[in-house]
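A.B. asks: Fit chains B, C and D to the given chain A structure using the hints.
Residue numbers (this note's numbering), protein chains in the order written: chain A, 139 to 292; chain B, 555 to 688; chain C, 4 to 385; chain D, 103 to 467.
Everything labelled a hint here was simulated from the structure, so no lab data went into it.
The beta-carbon is built from N, C-alpha and C at its ideal position, and this holds for glycine as well.
Using 25 angstroms as the maximum straight-line C-alpha spacing, the simulated DMTMM-like pairs for lysine to aspartate or glutamate come out as follows:
1. D:Lys171 with B:Glu574
2. D:Lys273 with C:Glu52
3. C:Lys24 with D:Asp438
Simulated restraints, written as ranges between beta carbons of each label pair:
4. B:Leu563 with D:Leu403: 18 to 26 angstroms
5. B:Asp566 with D:Gly156: 31 to 39 angstroms
6. B:Asp566 with D:Ile109: 37 to 45 angstroms
7. B:Arg607 with C:Asn108: 24 to 32 angstroms
8. C:Gly337 with A:Leu214: 30 to 38 angstroms
9. B:Gly612 with C:Asp204: 46 to 54 angstroms
Residues of chain C placed beyond 12 angstroms of chain B at every Cβ, according to the derived structure:
10. Glu26
11. Leu193
12. Asp253
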Amino acid sequence: MEKAALVEAIKASFPELTPVESGGLPEFKVSAEAFRPLMERLRSDPSFAFDYPMDMTAVDWPDAGVITCVYHLYSLTHGHKLVVKLDALRSAPHAPTVADLWPACDWFEREVYDLFGVVFDRHPDLRRILLTDDWVGFPLRKDYRDSRIAGKTN
Amino acid sequence: MRITLREFLSRDVTQQYPEERWMQAERFRGRVDMPLDPVTGAHKCTLCMMCVRACPNGSLEIVQGKGADGKTRILEKYIYKLSTCTLCGLCVEACNFDAIRMNHDYETATYDRQALTLILNEPAGPETQEEGER
Amino acid sequence: MTQQPASIGAPRAPQSKDALKTEEYWINMGPQHPSTHGVLRLVLRLDGETVLQAVPHLGYIHRSVERMCEWDTYPQITHLTDRLDYLSAMITNWAWVRAVEQAMNLEVPERGEVLRVIVAELNRLASHAMWFGAYCMDLGAASAFFYGFREREMVVDLFEALCGQRLTYHYLRIGGVSADLTPDFEKRVLEICETFKRALDEYEGLVTKNVVFRQRTEGIGILTAEKALGYGCSGPVLRGSGVKHDLRKDDPYGAYGRYQFDVPVGSVGDCMDRYKVRMEEMRQSVRILEQAIRALPGGPVIADVKAIRPPKGETYTRVETARGDMGVYLVSQGAAKPYRVKFRSPCFSNLSCFPEIAVGWKVADAVSILGSLDVVIPDIDR
Amino acid sequence: MISTSLIQEFVLHPGAVLTDTAGPALRTALAGFGLGEGSYVAVVGALCFAAMAGFVSGMAMVLTLAERKVAAYFQNRKGPNRVGPWGLFQPVADMLKLLYKEDTIPRAADKGMFMIAPYICAVAMFMVLAVLPFDKGLSVADPPMGLLYVTAVSGLGVLGILMGGWASANKYSLLGGIRSAAQVVSYELSPALAALSVALYSGTLSLQTIVERQADGWNLWKLGPTGWLAALIYLIAGTAEINRAPFDLPEAESELTAGYHTEYSGMRFSMFQLAEFMNMFIIAGMTVTLFLGGWQAFPLLKFLALPGWAWFMGKTVAAMFAIMWFRWTFPRVRVDQLMHLEWKILLPLSFLNLAVVALWVAAGR
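Okay, chain A solo, but in the shape it has when bound (with noise of 0.2 angstroms):
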């Protein structure tokens, strides 16, 4: 269904949630508590049915002091898309898992802890899938350093 009633019927359902104004797709910012159950409304509501997850990443803001999970959905029944995120502080990173509502997060979760350091309570099996297992650092944190890549850093 359209963007704007889209919006409105998870409001109606999820009133403490504010939707973030931008241009493009539907946005909501969840806290960790208002997180799980939102997720779990949105995969089995008829209503939203988003049984596609379309992309799960991690965006690092050092200024804001947080890693925000950016969860990419789509409902293949109805066509809607919808951006859902979710703020971990920098410090200690944590977030609810939703591996078992979509197998796919299951990867997903893994490659963000791998890259980002966001530790997924209750992941089935968080372990690196990029990188080694005894890999030191979190490289696609903005304040990764590291000696060997030649030239650029910044």
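C.D. replies: Below, chains B, C and D without anything else, positioned relative to chain A:
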């Protein structure tokens, strides 16, 4: 079975490499190379550094020197590191003076790494092909 | 070998008391293995020949392209995307270029859009021809590999004439394409279409109707529609399981709206369905190419855009590559370089369903299933 | 004493010349030295082994080149053409390479078995080759129960493969070895039964007499449809017995890298290759002997008056081309499908075929 027999009898499509050479297409992007301007006989590079900025892999470097009259800047060395170049062609696009181009040289393997760092602006330049036989 | 935690895996069949005492053992399929199409390491727990558990290890070719994007300016990143899914480099270029155009809502001239469609479909043909060869080689029919490559060679030669490279094309630019068509381009494309039609019939006869091939693919590695969606599979893998989802139709972009083509869909979701979907897709690509070549609009091929500096904000765009939908999540702070870029790789999710659907099958089937998923490893590791 | 007519006679009927003139001449020469019958047998044995070794190495070199050339033309490419004209010296180059290449033995390998394995394969192959009737009387030995001997000995080859697979201490080789054990053992049955139906029809087990009995027409036609079925079963099961595609599971490139001979290199690897190529020659030779009239001439082309062994070699080359043709057309079968094909399809068929032939023979043709 019938089909493989038909293939067995049809002519083969392979090319005997060292003897039969593949004629590259006109726009083939081989190694970056700085030809001599047929009119003036010199290089067309004006040290505007556009190509150095456009290169995503930092494989271009320009060493500037003093001209005969001590003031004008002239091109001392146009260093091209083929080892880090990904042949993307952005430098040639960025150059407004058509000073560099990508020639048809694809056999650029060498035995030592130093030979991959080429100085493009020597008059002869490393076996640059003449303007005609591009 | 560290004991692998069994996230997904079947326990061994219960041993009856007087049965032959057998042990299970771990076997390393990769990173150097003829049928992993690259540096993918699959650790298999076998009981005899049956796979009880598969644990993929990725990252052998991880170059952190996403970090490199934070160092380069927007135009410079386009050539990086060639190296992601190198078999459909044109389409991965398009994914990146489309993201930046959407961020700057830049208008691409009509001829540029049509050229992109033509080049993307040609690339899909070449990629599926390569996959066909590799899949037959995985199953043992080595000569079909050469037939697949013979067809692919025609498309690659055409790309060389068009943009100068045979694999890492870097042909698309932000705002359009880098060069207009060569004079004999249309003739060669029609030639390719004819050859592919004849070649596809030949492949059908040689492989599809072959009893041994059907035995090795039918009913093997069943991926149900619900599981495929859950694992985020896309492209021929998802369509093989019966889900009619093709971005060129469901999330239309570029000039695809002008052309009639249908989306082949499998039924059961086994290797044969995925095989048939890809073969049918080749035919559809030929159909699109014929329609596109006959109605080539004139005009410029690239919008003249001076400073490429998307405003502050973020976009998420998707494109249908030969292996599935490739998404680009672009976060920009208004600078000349992007703040954060995430490439959603189709092969990453297509492979994530492998540990579940490979359980219970023989080693030879694991090879067949992996081949039918058609994964490209640099696209997984990025 | 060696007149040109003798040589010309030797070319035309080598078998007869050997038994009538050369044999007695050798016996008298030995008697001259006071050596009895025992030494005569020893000398003949040595000579035969030398002849066979020469033939085998020559044939192996030709076959390696032929296999690669035929494979290449099936795949629209040229095959080896760099070493010598049309790649003729390629086998020599391969041989030299294999001779000079270092014979690596994996550290964890079971040394004894690792070293013996390839030679067992080669020995098995030599033993079967001894019985093949190249021409009338031209086979090293012609035991009265030749067919039984062939079926029994060809099972020996699998020992070498199994030992090779087990000894190289590599999981993939082990898998390859075990697979080949299951495959060769189970694919002994149907070719034996198919050959039995031929033996039943021609009334003897000795290969030479089987071929002689086909003078008035090949078994393929004389046996009618059962002949066709038996020939087909023999060829299919034979290809499986020598681990060649589409049943090449023991050395499946795309699954087990190179199966049982992954860890082998140098001389030992060439032994395995030698055994594999000669096995192909043997299966082709046996099919020709049993069904296509061995060294009998084509009934229609009798006027060509070619020597017997030329007919035999010609037909065997054709049969080998068919075996190679299988390889480059069909994908590989899976292990359980392989077993299913043998036990549930080929075996019942060959039993049925045998029964029909038995009834037909009993009813007196």
